[in-house]
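Work out the full structure: start from the sequences and follow the hints.
From first to last, the protein sequence lines stand for chains W and B.
For the first sequence, this note's numbering gives the first residue as 1, with consecutive numbering after it.
For the second sequence, this note's numbering gives the first residue as 1, with consecutive numbering after it.
Rather than coming from a laboratory, the hints here were simulated on the basis of the structure.
Do not take every clue at face value.
Counterexamples of contact, computed for chain B against chain W with all Cβ distances above 12 angstroms [as the list claims (entries may be wrong)]:
no., residue
1, 49
2, 82
3, 85
4, 169
5, 182
6, 313
7, 351
8, 384
Simulated restraints on C-beta separations [claimed, not checked]:
no., chain 1, residue 1, chain 2, residue 2, range
9, B, 10, W, 532, 37 to 47 angstroms
10, B, 315, W, 314, 55 to 65 angstroms
11, W, 502, B, 19, 19 to 29 angstroms
12, W, 349, B, 315, 47 to 57 angstroms
13, W, 414, B, 106, 18 to 28 angstroms
Backbone N, C-alpha and C fix where the C-beta goes; we use that ideal spot for every residue, glycine too.
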Amino acid sequence: MAKITSSSTAEYFAKNLQQVGFSSPFKAVLTTLKEAVDNSLDACEDAGISPKLFVSIKKVGSGSSKNTDLVEIVVDDNGPGLEADDLPKVFGEYLASSKFGRGRCSRGQQGIGISAATTWAQLTNAAGVKVTSKTTRMKKAVQGTVDVDIKGNKGLFKNKTSVDWDRDHGLRVEFRIDGRIQLNGDGGILTYLEGTTLVNPHLSLSYELLEDPPVVVESVSDEIPHVPPSTLPHPHTMKLGEFMTHAALFGKMPLNNFLKKGFSRISDAVIKDMVKKGMPKDLVSKPLTAISEANFKKIYQILQEVELMAPTTRSVLTVGEEGLSKSIQRLGEVDFFSVVTRRPKICDFKPVVVEVAIARFLNRGGGEEKESPVQLLRFANRVPLQFDKGACAITRSVESVNWRSYGLNQQKSSLPTGPYVFAVSVTSPFIKFKNASKETIDGSDELVEEIRRALMQAGQKLSRHIRAESKAADLERKLQHIEKFGPILVEGLVRIVNASKAREQRAEEGLQKLLGRDTDTAEEALKEAEEKLKVLKAKEKELLGDEDAASAEDEESGFPAMKKSTKKVAKKATKKTTKKVAAKTTKKAASPSKKSPARKK
Amino acid sequence: MAKFKVRHSKKDIPQEAKKLCESMLSDLEKAKRPVLHAVKCSLDNSIYDPKVGFLTPGDKVVKTELNVSSVQKMARTVFMLEILLGNLKSGATNTKRELYYVSKGLVRSNPTLKPLDFDDQPESDAIIDFIGDMLEVYREEMNCFANDRGGQTYSQNLVVTETLAEGEQAVVDLSTLGTTPFQPKNKPQQFKVKSKKGKVDFCLVIESEGTANTLVANGMHKRHNCIIIGAQGVPSNGVRGWCKTLQDQLNVPMYFYGDLDAYTLQNIFRTLKAGSAASLIRNSDFSAPEVRFLGVLPEDVKKYDLLCYNVSEKDSSEARSLKKAKDALQNDPFFQDKKNKRLADILRWLVKEKKRCEQQAVFSVDPKDPQILEKIIVEKIKSGSYV
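In structure tokens:
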């Protein structure tokens, strides 16, 4: 008989790193970056600090394995820092986390990711992670290398030294790993950084990628998101084993007190109801330690039968329409956008908030991308999801919406096409992922429906922009028709009836008059669409905090540039495209990109 | 070139066209919108009077008023009208395809006409049809002729006299042509036809050109005093006009023999007998109202135990055909008229039974008898087994 041995958690993960996002050299780089950034952001939020992050990713040599580079990943933050004793736990020990099972909407949940990154560095480059940390209590920063003791699932802090650091608190991690760098595309590093920027309006980020010039993205919000504390568990979300383990934490407490203090949504009335449904009365005030397993099962079963209020939604947080609206401007020059933050909702007994931002950019997409599917950015608890798009509940929801009714092109049951960016964020303390690497959300019909509703609301707002645009295009088309066909028609008629030059002149003038009237009608339709859009734009400007600009435009009836130009076009039947004018107008309305090629630090 | 006339019409097309253009120009001078009216050529504007025998247009007209959306169509109409008037003046003729290329050539030689350029032939065809419907003239009257598909004719008792453009007459005795068929070309109305001896007993129009050839190869036209014509599917204008000419000039009983399916009844037989909705203004000269449906009839399927195919609604083309048959029963005035009740009954039978039987299925009745089709046809004519 084979010998039964037990392994440490670290051993398991060291052999199965593909399960936590290290399945290819490309993914290894992205996952390492992601884990480090997630930790920095969570730490800053917990400490009430506006995060200022610096990220650098560079090739520093050849990797030890075939077809890989040695990639250096640096993430530097102004967070609270970690005490020297905590550094090996955080970076070198699996399942050592301040967040595990707390039922909060934090990015990290289990305490696996960053230790896995250290393991990958150790396995591929024979050295763990170099860390520099300083808390406000420390006079000097502590620096050293953390390795994972794979056999014992322990972190080892090596080469520990004290160093001077130009800040009160912060943390800097430097990984050197075998990997490959992919900047663009669904699994690209830029896509990750842009996504993170989008859902974290309070984040100031500067980054240097490969040999590209440094980029600084300023924060657009001073508000540091407050991650709400977890709420008491709801009895309907627990299994029998969990229920009993939970009871063990409450010692000798009588059952009725345990039910009321240990769970949400249980009151005396509920307990009475449980008795009515068959729970023996004598159990109500019995200490938990005196209740038999069989009785626990009975109590649990009755508890599942009683009707309870849905769990509270207070434990979820949102980025908010204002934050999203401002943040989206940081991704590039926005042509137009639409944001929706749904009210928290209970799906499968778990509180969930869905937020959607849809934008069309002036400097992204277009041309050949008109026929390509939209860029879909998915987020779970404000972390970009970049792989296995097809299996995700968010993708399923986007595909199930009929985008044609909002003016977008779409093949049946697929992503719509066009130069748009769709960002869908799902926030919940209990997101159900399909795998440990948290790449796809496993969606119930309830969750998919909630995401659909958010998308449809955003679609409705978007369609106002698109309609105004199509009216402008219609006007443009009509103007072109006048120019193209009018003279040819008159000339043809003149030739057939052999008419004089004077008649030809009169007919041409008459034709211009007639078609000018049609243009006026088209202009009216355009104006009407613009009026509707104006209301929406004013709201958007309010969200962006640009109220002065909004009211100034209101006074000038919304779209002065477009109005003036189209009239001019109508009169002279010139070839100026109203679309371009519209683009200019919206360009003016949207705040300029805050990207600049100078590193702030 | 001498002018050929499809019908006796008092219409002076160049004059009518100029009048129309004059009115459009005059409207434009007054900054008034010119409006063009054309007969609406569609089933919902088709009237079937059994006494008339073919589909005629109702009161509906297509009104095209000049605006930014219709300015392209109007400019193209005037452009094509100019080409057609030029042809009428010089006596030149063209097919629609040729007119498409003529217009392309003109655009190429004059860059200011570039916006009028047709992307493909259906675009120029639509404009030619619109001009015909607007002036209420046949395209043939505007020297625009269709190709010569179908109509191969065999007979031992038919003489065709054609008056040529130069005024000479060409006389064709079909009995002298051997196995070569006579084909009526695209201007059948210019023929004078007569029998060589006595009256022709019947004229048989076969849907399949190949089956018509088989009957001739087996000597049916020698054994019977008849005319055999191959329709080659949906009858072209030439075939329709030719049947009309034969019917009018010879007063000969005419029978159609083809598949028993919805497509044959609706698209082939109805077009031959009463014309089509798309050609409402021309049906009087392009249909043979006396033609009878000889088969295949549902009763033949039973009587001769003919092999049938099941029509599957899963097959998109067959499902479409069934749907069209149901629509025809509800909307087509030809099938709705009580005179054609028996034809409508056949359509109902096809919809209900979801079966189709091909004209060649008769060869399964006696596989060893090559003349079986001829025998059955003659028997059916004699016994009055037709609709």
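Outcome of the hint check:
{"no.": "1", "hint": "49", "in the structure": "holds, 37 angstroms"}
{"no.": "2", "hint": "82", "in the structure": "violated, 6 angstroms"}
{"no.": "3", "hint": "85", "in the structure": "violated, 7 angstroms"}
{"no.": "4", "hint": "169", "in the structure": "holds, 37 angstroms"}
{"no.": "5", "hint": "182", "in the structure": "holds, 41 angstroms"}
{"no.": "6", "hint": "313", "in the structure": "holds, 22 angstroms"}
{"no.": "7", "hint": "351", "in the structure": "holds, 30 angstroms"}
{"no.": "8", "hint": "384", "in the structure": "holds, 54 angstroms"}
{"no.": "9", "hint": "B:10 to W:532: 37 to 47 angstroms", "in the structure": "violated, 58 angstroms"}
{"no.": "10", "hint": "B:315 to W:314: 55 to 65 angstroms", "in the structure": "holds, 59 angstroms"}
{"no.": "11", "hint": "W:502 to B:19: 19 to 29 angstroms", "in the structure": "holds, 21 angstroms"}
{"no.": "12", "hint": "W:349 to B:315: 47 to 57 angstroms", "in the structure": "holds, 49 angstroms"}
{"no.": "13", "hint": "W:414 to B:106: 18 to 28 angstroms", "in the structure": "violated, 44 angstroms"}
In summary, the numbered hints that this structure violates are 2, 3, 9, 13.
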